[in-house]
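**Q** Read off the chains here:
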Amino acid sequence: MTIEEIKQIIELANESGVAEIEVERGGNRVRIRRAAASNQEYVIPSVPSYAVAPQLAPPPMPEATQTAVTADPSLYLVKSPIVGTFYSSPSPGAPAFVKVGDSVKAGQVLCIIESMKLMNEIESEIAGTIVAMLVESGKPVEYGEAIFSIRPA
Amino acid sequence: MGFDLGEVRRRMPSRALHWHRRMDSTMTEASRLAAEGCASGTAVIADEQTAGIGRHGHSWHSEAGLGLYVSVVLRQKFVDSFPGVTLAVGLAAREAIVEATGVVCDLRWPNDLLIGGRKCAGILLNLESKAIIAGIGINVNHGGFPEQLRELATSLRIAAGREFRREHLLVELLLAMERYTKLIEEEGIKPVLRLFAQASSYVSGMRVRVEQGETALEGVTAGLDESGFLLLRQDNGKLVTVLAGGVRPAS
Numbered sequence: 672m673t674i675e676e677i678k679q680i681i682e683l684a685n686e687s688g689v690a691e692i693e694v695e696r697g698g699n700r701v702r703i704r705r706a707a708a709s710n711q712e713y714v715i716p717s718v719p720s721y722a723v724a725p726q727l728a729p730p731p732m733p734e735a736t737q738t739a740v741t742a743d744p745s746l747y748l749v750k751s752p753i754v755g756t757f758y759s760s761p762s763p764g765a766p767a768f769v770k771v772g773d774s775v776k777a778g779q780v781l782c783i784i785e786s787m788k789l790m791n792e793i794e795s796e797i798a799g800t801i802v803a804m805l806v807e808s809g810k811p812v813e814y815g816e817a818i819f820s821i822r823p824a
Numbered sequence: 067m068g069f070d071l072g073e074v075r076r077r078m079p080s081r082a083l084h085w086h087r088r089m090d091s092t093m094t095e096a097s098r099l100a101a102e103g104c105a106s107g108t109a110v111i112a113d114e115q116t117a118g119i120g121r122h123g124h125s126w127h128s129e130a131g132l133g134l135y136v137s138v139v140l141r142q143k144f145v146d147s148f149p150g151v152t153l154a155v156g157l158a159a160r161e162a163i164v165e166a167t168g169v170v171c172d173l174r175w176p177n178d179l180l181i182g183g184r185k186c187a188g189i190l191l192n193l194e195s196k197a198i199i200a201g202i203g204i205n206v207n208h209g210g211f212p213e214q215l216r217e218l219a220t221s222l223r224i225a226a227g228r229e230f231r232r233e234h235l236l237v238e239l240l241l242a243m244e245r246y247t248k249l250i251e252e253e254g255i256k257p258v259l260r261l262f263a264q265a266s267s268y269v270s271g272m273r274v275r276v277e278q279g280e281t282a283l284e285g286v287t288a289g290l291d292e293s294g295f296l297l298l299r300q301d302n303g304k305l306v307t308v309l310a311g312g313v314r315p316a317s
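Protein sequence lines correspond, in order, to chains A and B. Under the working numbering, the first residue of the first sequence carries the number 672, and numbering increases by one thereafter. Under the working numbering, the first residue of the second sequence carries the number 67, and numbering increases by one thereafter.
Worth double-checking, as some hints may not be accurate.
[Claimed, not checked] Computed cross-link-like contacts, EDC-like style, restricted to lysine to aspartate or glutamate with a CA-CA straight-line distance of at most 16 Å:
| no. | chain 1 | residue 1 | chain 2 | residue 2 |
| --- | --- | --- | --- | --- |
| 1 | B | 196 | A | 792 |
| 2 | B | 196 | A | 794 |
| 3 | B | 185 | B | 172 |
| 4 | B | 196 | A | 796 |
| 5 | A | 810 | B | 280 |
[To be verified] Covered, in the sense of this in silico footprint (three residues per stretch, anywhere, with C-beta under 8 Å from a C-beta of chain A), are these stretches of chain B:
| no. | stretch |
| --- | --- |
| 6 | 149-163 |
| 7 | 186-199 |
[As the list claims (entries may be wrong)] Going by beta-carbon spacing under 7 Å, a handful of chain A positions derived as facing chain B:
| no. | residue |
| --- | --- |
| 8 | 756 |
| 9 | 785 |
| 10 | 787 |
| 11 | 789 |
| 12 | 790 |
| 13 | 791 |
| 14 | 792 |
Everything labelled a hint here was simulated from the structure, so no lab data went into it. Beta carbons are placed, not taken as given, at the ideal position from N, Cα and C, and that holds for glycine.
Build out the structure end to end from the sequences listed, making use of the hints.
**A** Structure representation (structure tokens):
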């Protein structure tokens with residue numbers, strides 16, 4: 672991969688607005704992450720920031736899932752319908768509703784998002800395979816934030 | 067004291083009521099009924115819960131014959147009032163307790179009911195099967211609590227010095243929940259936020275600590291935002307919004 676090609680990938684990432692992109696060609700791999708750009712989406716001046724979300728950057732993804740899953744248009748993104756706290760399991764210590772690699776059916780419960788003690792079960796709208804869990808359990812999520820990516824069946 | 071379901075049925079003849087002497091959790095049963103498509107307002111009541119559910123895996127101490135343990139299935143569409151409806155259920159429980167017993171509780175955001183800083187009722191809401199399932203546990207006739215709960219829990223009997231009929235409390239609770247769901251459907255969440263601010267000493271001017279996992283925040287409460295989230299003014303002057311977590315007075 673040449674410097675020119677890498678420049679083009681950066682431009683592509685900037686134009687498309689994706690947070691992160693990874694490209695592999697001929698044994699070379701490059702990953703572009705636009706940290707500054709994604710920060711801007713989270714800073715809303717003169718509006719109080721969320722107490723449980725003091726960090727401005729999106730929550731870090733587990734290492735295994737840091738593969739630009741939000742940039743792949745063939746993947747379906749499950750987004751949070753509300754502001755709240757993300758839980759991957761019904762209670763602490765219990766097995767997660769789903770894990771990466773699991774096949775899910777439409778209507779299957781993927782996680783819980785808690786908002787003011789209201790526990791919202793988030794169901795999958797499509798059938799497919801879980802590619803990534805984009806938020807760590809116990810962390811805050813914003814309205815519309817991508818929480819899972821699913822490869823449609 | 068026994069539980070006279072017949073009296074509740076006489077007061078609310080058209081209401082679907084499922085009473086159980088002993089069951090794991092009213093939430094589990096209400097969840098099953100909701101999945102089957104039961105009517106809005108359907109209530110599951112237990113005399114004793116062997117696995118009462120609190121928030122996110124906590125258990126709820128549910129002794130036989132002493133408390134009111136009920137889960138109600140709500141099918142109203144609270145589109146714009148969501149998740150503030152959780153505050154309305156707390157207000158409904160508070161009003162029901164006043165009506166049935168004369169005891170006035172404080173509300174700790176979002177919906178714990180306290181007497182003298184100790185919890186006498188807890189509320190949990192689940193959104194599933196396109197319904198909200200509201201679980202309410204009220205300590206009614208408990209004379210005391212196990213060692214580990216003694217500093218945290220109280221009951222209406224301990225507060226008032228006498229026992230109360232749980233049937234009366236159930237009827238008042240179901241009626242109050244009807245009033246609040248109607249209020250939200252007609253006027254949205256705004257009046258609920260105003261009433262909550264009046265009823266709760268926690269909403270403004272209280273120095274609190276908010277535990278959230280491994281982090282904690284401290285500050286003075288500064289009202290509710292338009293959705294019903296608690297605002298907190300930190301010592302550095304920054305205003306932050308509390309989404310969830312245990313809110314406790316800070317010394």
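**Q** If a hint holds in the structure, say so; if it does not, say that too.
**A** Verification of the hints:
For the suggested pair residue 196 (chain B) and residue 792 (chain A), the alpha carbons sit about 10 Å apart, so the restraint of at most 16 Å is met. Pair hint residue 196 (chain B) plus residue 794 (chain A) holds up; C-alpha atoms about 11 Å apart against a cutoff of 16 Å. Restraint check for residue 185 (chain B) and residue 172 (chain B): the C-alpha separation of about 9 Å stays at or below 16 Å, so the hint holds. Distance check on the hinted pair: residue 196 (chain B) and residue 796 (chain A) sit about 14 Å apart at the alpha-carbon level, within 16 Å; holds.
Taking the CA atoms of residue 810 (chain A) and residue 280 (chain B), the gap is about 11 Å. The hint holds against a cut of 16 Å. Counting residues of the stretch 149-163 of chain B whose beta carbon lies closer than 8 Å to any beta carbon of chain A gives 5, which reaches the threshold of three, so the coverage claim holds. Coverage of a stretch by a chain is defined here by at least three residues with a beta carbon nearer than 8 Å to that chain's beta carbons; for the stretch 186-199 of chain B and chain A the count is 7, and the condition holds. Checking residue 756 (chain A) against chain B: minimum C-beta separation of about 5 Å stays under 7 Å; hint holds.
Of the supplied interface hints, the one on residue 785 (chain A) holds, with its beta-carbon coming within about 5 Å of a beta-carbon of chain B, less than 7 Å. A distance limit of 7 Å between C-beta atoms decides the matter here; for residue 787 (chain A) the minimum to chain B is near 4 Å, and the interface restraint holds. The interface hint given for residue 789 (chain A) holds, since its Cβ lies 4 Å from the closest Cβ of chain B, which is under the 7 Å cut-off. A hinted interface residue such as residue 790 (chain A) counts as satisfied when its beta carbon comes closer than 7 Å to some beta carbon of chain B; here the least separation is about 5 Å, so the hint holds.
Taken as an interface hint, residue 791 (chain A) checks out: its beta carbon lies about 4 Å from the nearest beta carbon of chain B, inside 7 Å. The restraint placing residue 792 (chain A) at the interface with chain B holds, with a minimum CB-CB distance near 5 Å, inside the 7 Å limit.
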